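There are 2 protein chains.
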Amino acid sequence: MKLYWTPASPFTRKVVVTARELGLWDRIEIAPTVWPLDWGYATVQFTEGLAEANPVARIPTLITDGGAALGDSTLICQHLNEIAAGESVIPDGAARWNMWSLYAVADGLLEAQIAIRAEMLRPEAMRSEGFLDKQRDRIARCFDHIESCAEELDGPLNLAQITVGIACGYQDWRDWLGDFRPGHGRLSRWYDAFSERPAMLETEPKETPAT
Amino acid sequence: MKLYWTPASPFTRKVVVTARELGLWDRIEIAPTVWPLDWGYATVQFTEGLAEANPVARIPTLITDGGAALGDSTLICQHLNEIAAGESVIPDGAARWNMWSLYAVADGLLEAQIAIRAEMLRPEAMRSEGFLDKQRDRIARCFDHIESCAEELDGPLNLAQITVGIACGYQDWRDWLGDFRPGHGRLSRWYDAFSERPAMLETEPKETPAT
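The listed protein sequences derive, respectively, from chains H and V. Throughout, my numbering is defined as the position within the first sequence, counted from one, plus 116. Throughout, my numbering is defined as the position within the second sequence, counted from one, plus 116.
Chain H with its partners taken away, still in its complex shape (with noise of 0.2 Å):
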């Protein structure tokens, strides 16, 4: 297989810990791509070959073993969970749903985090201070919706750990959102034991290399 990647995506943390925990993270070619500034407002040259496989030009992008370009961290996830030989990280039963309903939460925290990074990146006569509000209040709501169920993020490892993880941890690399921890003292005691873990260890998050 091949990832489309960055150390400073997100999503593309979120396909790469859960490789390394299902085992599959030595099948993975990475293919890192470079991101101009001026990404979040303009068509920029692309890494070679990237929107040749995925016309959408984003990242993760993963070129699974038969040849499909995925081009979204959730199928992605999907895929590496159903090729993992005896592990998983998606429940069975009826406790699937839940784990799902804790992950799109902390997707869209994760889509918020971003939105606030592509809007920063503007030159400042076009940027919304309405916008930014917006999305603060968004990881506002959602940080406190996973404090108030803190106690979903114990048990087996899933992909809803595995997502509020990465949020937590994105919070903390930019320096330009807040800290999470204040009125969410369950969360972030389990973030404290959750991000000593080996796969979190080894994907901190860094700028994307200039070239």
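Just so you know, these hints were derived from the structure itself, not from any lab. These figures come from a predicted structure and were not determined experimentally. Every residue gets a Cβ at the ideal spot worked out from N, C-alpha and C, and that includes glycine. Check before you lean on any hint, since a few could be wrong.
Said to hold, decoys possible - Which residues of chain H face chain V? A partial, calculated answer using Cβ under 8 Å:
| id | residue |
| --- | --- |
| 1 | G224 |
| 2 | M242 |
| 3 | G246 |
| 4 | K250 |
| 5 | D253 |
| 6 | R254 |
Starting from the structure of chain H, add chain V where the hints point.
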């Protein structure tokens, strides 16, 4: 089940068409939502119950019979497919990941269409022509890709077909999006027939009612 809904959202239409095609439509209660026109760059007053059910506060959100709130249209369609008796819009085996590959392109196309909508609702001074061009370029690449593999749209109904059909329908509905037909003859002929399905005719997009 309960679905937070508006007739203007193509992601919501994807869920509705899927539910209708799977014979599940009469099991879903519709909760209409209202969206002031500054939804793209302000925290608006949400329709009662929406943000409480799903703190991302987006539509579509489905409350399952088991009480899980699903705030992601892909996950909602997967849930509906799982509970449908005898019908399926997700193929088995290797064909599945090729279907998801095309689905993700069409879904990225929908995201670009909605990103243009949100940008055009901004006050003009904060609007970015570069951002609009980036999304238009993405839409053009996606339609070119779909045309190049239009033969994949044949065969039994699946979620990729539904999503491509809705992308074509949204492109037709919004006069600030161009005609997708020039240079895309195979897709155009496919859509002529697909758009006549009852589930498509019964869900043609309309503006969100003001109240």
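Results for each hint:
The restraint placing H:G224 at the interface with chain V holds, with a minimum CB-CB distance near 3 Å, inside the 8 Å limit. Given hint, H:M242 at the interface with chain V, holds; its Cβ is 5 Å from that chain's nearest Cβ, closer than 8 Å. Proximity of H:G246 to chain V holds as hinted, the smallest CB-CB distance being about 4 Å (cut-off 8 Å). At its closest, the beta carbon of H:K250 sits 5 Å from a beta carbon of chain V; the interface hint therefore holds under the 8 Å criterion.
Interface restraint check for H:D253: the shortest CB-CB distance to chain V comes to about 4 Å, inside 8 Å, so the restraint holds. Taken as an interface hint, H:R254 checks out: its beta carbon lies about 6 Å from the nearest beta carbon of chain V, inside 8 Å.
This entry satisfies every hint, going by the numbered hints stated previously.
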